[in-house]
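S.K.: Single-letter residue listing:
Protein chains: 2
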Amino acid sequence: MQVALVGAGQTKYGTSATGLKGMFAEAARAALASVDKGMQARQVQEAWIGSVSFGGAQLGNLAGLLVEHAGMQGIPARRVENACASGGFAFRDAVQAVKSGSCDVALAAGIERMNDQHEERQRYWLGVSGDTEWERTAGLTFSGVYALMAARHMKDFGTTKEHLAHVAVKNHANGALNPKAQFQKPVSLEDAMNAPSVAAPLGLYDCCSTTDGAAAALVVRGDLAQHFTDTPIWVQGSGASTDLLAIHDRPNLTELRASRAAGQHALREAGCAVRDLGVAEVHDCFTIAELLALEDLGFCAKGQGGPFTASGATKRDGQVAVNTSGGLKAKGHPLGATGIGQVCELFLQLRGQAGPRQRAGAERGLAHNVGGSGATCAVHVLGV
Amino acid sequence: MQVALVGAGQTKYGTSATGLKGMFAEAARAALASVDKGMQARQVQEAWIGSVSFGGAQLGNLAGLLVEHAGMQGIPARRVENACASGGFAFRDAVQAVKSGSCDVALAAGIERMNDQHEERQRYWLGVSGDTEWERTAGLTFSGVYALMAARHMKDFGTTKEHLAHVAVKNHANGALNPKAQFQKPVSLEDAMNAPSVAAPLGLYDCCSTTDGAAAALVVRGDLAQHFTDTPIWVQGSGASTDLLAIHDRPNLTELRASRAAGQHALREAGCAVRDLGVAEVHDCFTIAELLALEDLGFCAKGQGGPFTASGATKRDGQVAVNTSGGLKAKGHPLGATGIGQVCELFLQLRGQAGPRQRAGAERGLAHNVGGSGATCAVHVLGV
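Top to bottom, those sequences are chains A and B. The numbers in the working numbering rise by one with no breaks, and the one at position 214 of the first sequence is 214. The numbers in the working numbering rise by one with no breaks, and the one at position 360 of the second sequence is 360.
The set of hints was computed from the structure by calculation and includes no laboratory data. Careful: at least some of the hints might be erroneous.
Listing some non-contacts, in silico: residues in chain B with all C-beta distances to chain A over 10 Å [as the list claims (entries may be wrong)]:
1. 130
2. 241
3. 257
Partial selection, computed: residues in chain A whose CB lies under 10 Å from chain B [what the hints assert, rightly or not]:
4. 81
5. 310
6. 313
7. 378
Just a few of them, taken from the derived set where beta-carbon distance is under 8 Å, the chain B residues facing chain A [what the hints assert, rightly or not]:
8. 59
9. 115
10. 116
11. 132
12. 148
13. 154
14. 243
Remember, predicted model here, so these are calculated numbers, not experimental data. All residues carry an ideal CB built from backbone N, CA and C; glycine is no exception.
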């Protein structure tokens, strides 16, 4: 059974004045409105909603409440949590359900309100997506984890702060062209390199932000796609994996094995190689994470992510356009929504609807969504 | 594609001295050990883990950590959250994935550590599975919600405290025969009726407990079942639904529409009626909830759950044996594990391995798992 993506939409990322219900309804409405031949909320039969439930007060039993307020009252719905990869796994589960024949039309969505903490200690919960026994309780934050990875990458492969800065500059340049992005302004290489330190060697522009956002995607049985659009996007491959949660347990700090395994699986299922990809949304929660992703997914050799990026290979007109949306860095990173937001960007790119940030002739793309410091990853390959 | 249940196992429910990782590994090992012809942890290809993440310190990114410690390192895994129906939805998603052809052998599991709160206010989080805006912040707890339902049921249908007590007496009698149950002691009708009040009209024996527990089930492609056992249990039907979260939005307090819809769907898919069921594990978080379940699933007419129970129809030798495990009431209710624990009981009953609490000749059974005050529900029909 083939599965087609026929609609995708999202809120603007940033600081939202709307509650969880309003944000979710806005994303769902945008996804429904994007279906060329029309789709009504009541046609959606089941929903998977990625969320870490980081804010917004309704932290449990959220799924039913959200579909109720999106006009889909009564359909089976559940929350999928896999740290920052919650959205990617929600998409995977929705695709599997359609493939199984259990439903014809499924909603894969994601939502996070990170700026709306209803109690003082709630921000503390972000840390629980890292290892509690060995990392969080010892004070190791995600900035710290990725700083360790960056430092090791620098030592082993000669990666420089300038290499990292090139990621930020590129993604901010893309974000400046995305009306849904949290930060729509370019950043210069000098500014990126001279920004205040967050966790050395990572500075302010090496780190993604705290973001509110919701995103929604509609997947249907392949043989029904024509009822909804003449230009469906096909889910060609889905791969997912996990890795050891505590980073000291892993063989090295410069590779996310879950990314590698998930990427290989998704590409194999799609029957293609990375050279066939015109666009890729990769999980750049920190600039070093984009370099690791480029290497682990096979866009360049291990250790070469920095020079590869500095060469311009990942710009919109490069070998592969990476994070045309602005990425987590500039578009923003509303945890559970991020993986679905990546799908939204691919939906636009592969249909030639991405406006000034369009990658010319993009026919196949990849979405790469990582949880925590790499303990979990989902990768999807989409194509025309 | 048919899906077969070939293994199921769990920890003892109660207060556990083991952490999340140890509890999960114990349940997974028990499930693997129950596979007649043997199954190794490395044969499991993907996992769905139901958990509200109510305790145990590792509240986010839990899924990868748990499969790592169960010898299944690297497989795709995610947490499924739907309040107290998290386990039922994890089972549904695992079944759909096997049906889709994405994997041949899947683990559906659930876990909760409710007695291990790592910060003082964590118990407060249980309340977030009810509606936050209208109920939780106004002080309405789950005991209070179900007390309102019980009071209305009494007013509309003449249900009595004695009717409720019959549920507790039956389930404690069953729990006394279940070595995995939290409470393995019978309770007399007098004790149940004269227990201290929790939220009138509900007394101590009308309410389930705070429980640590983990449970695991192994589902495989039907055509592979013979490699694992000569007596597979078949997943004949799966139904799920949601309802309005805030109870004041619902048309009445004496029906859980999500239960009704999920039950009808599951029975239709299984091609059978409730009269064909020998056993049923229903979601008796409060005694009134078992009466609602009996009515909403169609075992008796609306309003007749009390007299139906008092008649002995739901005892082990009655029309249908309900909650032979002891139910949430006596076996215990470790939130995310509960829906999988129900599957574990059906696995034993349908294979004739339930020992002194065996329902004679049970060939078909139903598991009914409700989230919160009824905003979500998953029902499965299993059979030989």
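S.K.: Hint by hint, say whether it matches the structure.
M.R.: Hint check:
1. In this structure residue 130 of chain B is not separated from chain A by more than 10 Å, as the shortest Cβ-Cβ distance comes to only about 7 Å.
2. With a closest Cβ-Cβ approach of about 6 Å to chain A, residue 241 of chain B is found to fall inside the 10 Å limit, against its non-interface label.
3. A Cβ of chain A approaches the Cβ of residue 257 of chain B within 10 Å, the least distance being about 8 Å, so the stated non-interface status is violated.
4. A hinted interface residue such as residue 81 of chain A counts as satisfied when its beta carbon comes closer than 10 Å to some beta carbon of chain B; here the least separation is about 4 Å, so the hint holds.
5. A cut of 10 Å between beta carbons decides the hint on residue 310 of chain A: the least distance to chain B is about 32 Å, and the hint is violated.
6. For the restraint placing residue 313 of chain A at the interface with chain B, the shortest Cβ-Cβ distance is roughly 30 Å, beyond the 10 Å limit, so the hint is violated.
7. Because the beta carbon of residue 378 of chain A sits about 7 Å from the nearest beta carbon in chain B, less than 10 Å, this interface hint is met.
8. Look at residue 59 of chain B: its Cβ gets to within about 4 Å of chain A, closer than 8 Å, so that hint holds up.
9. Given hint, residue 115 of chain B at the interface with chain A, is violated; its Cβ is 17 Å from that chain's nearest Cβ, farther than 8 Å.
10. A hinted interface residue such as residue 116 of chain B counts as satisfied when its beta carbon comes closer than 8 Å to some beta carbon of chain A; here the least separation is about 12 Å, so the hint is violated.
11. Among the interface hints, the one on residue 132 of chain B holds; its C-beta lies about 5 Å from the nearest C-beta in chain A, closer than the 8 Å criterion.
12. Of the supplied interface hints, the one on residue 148 of chain B is violated, with its beta-carbon coming no nearer than about 18 Å to a beta-carbon of chain A, more than 8 Å.
13. Because the closest C-beta pair between residue 154 of chain B and chain A is about 26 Å apart, greater than 8 Å, the hint is violated.
14. Given the 8 Å rule on beta carbons, the hint for residue 243 of chain B holds: about 7 Å separates it from the nearest Cβ of chain A.
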